[in-house]
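A.B. asks: Sequence:
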Amino acid sequence: DVGAFAVTGTATTLGEYPFTLEVTDSATPPTTATKEFSIRVVSPLSMLTTSLPEAFTGDYYSVTLNAEGGVPPYSWMTYSALPRGVTLDASSGVLSGTLQEGFEGYVNFTVQDSTDPPQRASNGLWLRIIARLAVATSRLPAARPNVPHKVKVVVSGGAPPYTWSLATRSLPDG
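Letter by letter, the sequence shown follows residues -6 to 167 in the numbering used here.
One thing to keep in mind: the hints can contain errors.
What the hints assert, rightly or not - Distance windows between CB atoms, simulated:
1) D52 x E9: 43 to 51 Å
2) F30 x T57: 42 to 50 Å
3) T156 x T5: 57 to 65 Å
These are computed hints drawn from the structure, not numbers from a lab. Backbone N, C-alpha and C fix where the C-beta goes; we use that ideal spot for every residue, glycine too.
When you get a sec, could you build the whole thing from the sequences and use the hints?
C.D. replies: Structure follows, in structure tokens:
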């Protein structure tokens, strides 16, 4: 192209490669101009974190997302809804907070490096926050002698299926 020069090729080795270009015109006498450049060959950016630990409501949760390649510093983001009480630190990739609600689903995370233009890598990670196991029934109705008695005791939270057992032996006869 008139007035343009293409630097082309396929880089094979990582590193920083400074060079100087010189252009000479066809004037009489010819004039020249020089400019220093640098090409940085960087490895592809990839997100290393492939899973998140499950946790329980009320616990403090802290997980550091990891990436490699590209050029640090990295910026972390998510466009997915996070469980209430949890935040993502954009500069450190730390997902943390006190878990306030149960949650189960994929959260999409993206990491971006500092190259120009920036590289991005994304991964959808399954996150499961389990509500604390609790017996939701607060009290049982009175029973009468010689009348069939059936009461439903309700549980909340935890991870089904549930196994019930009698922890003490203080039930009335029958």
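A.B. asks: Now tell me, hint by hint, if it's right for this structure.
C.D. replies: Now the hints, each set against the structure:
no.	hint	verdict
1	D52 x E9: 43 to 51 Å	holds (45 Å)
2	F30 x T57: 42 to 50 Å	violated (36 Å)
3	T156 x T5: 57 to 65 Å	holds (60 Å)
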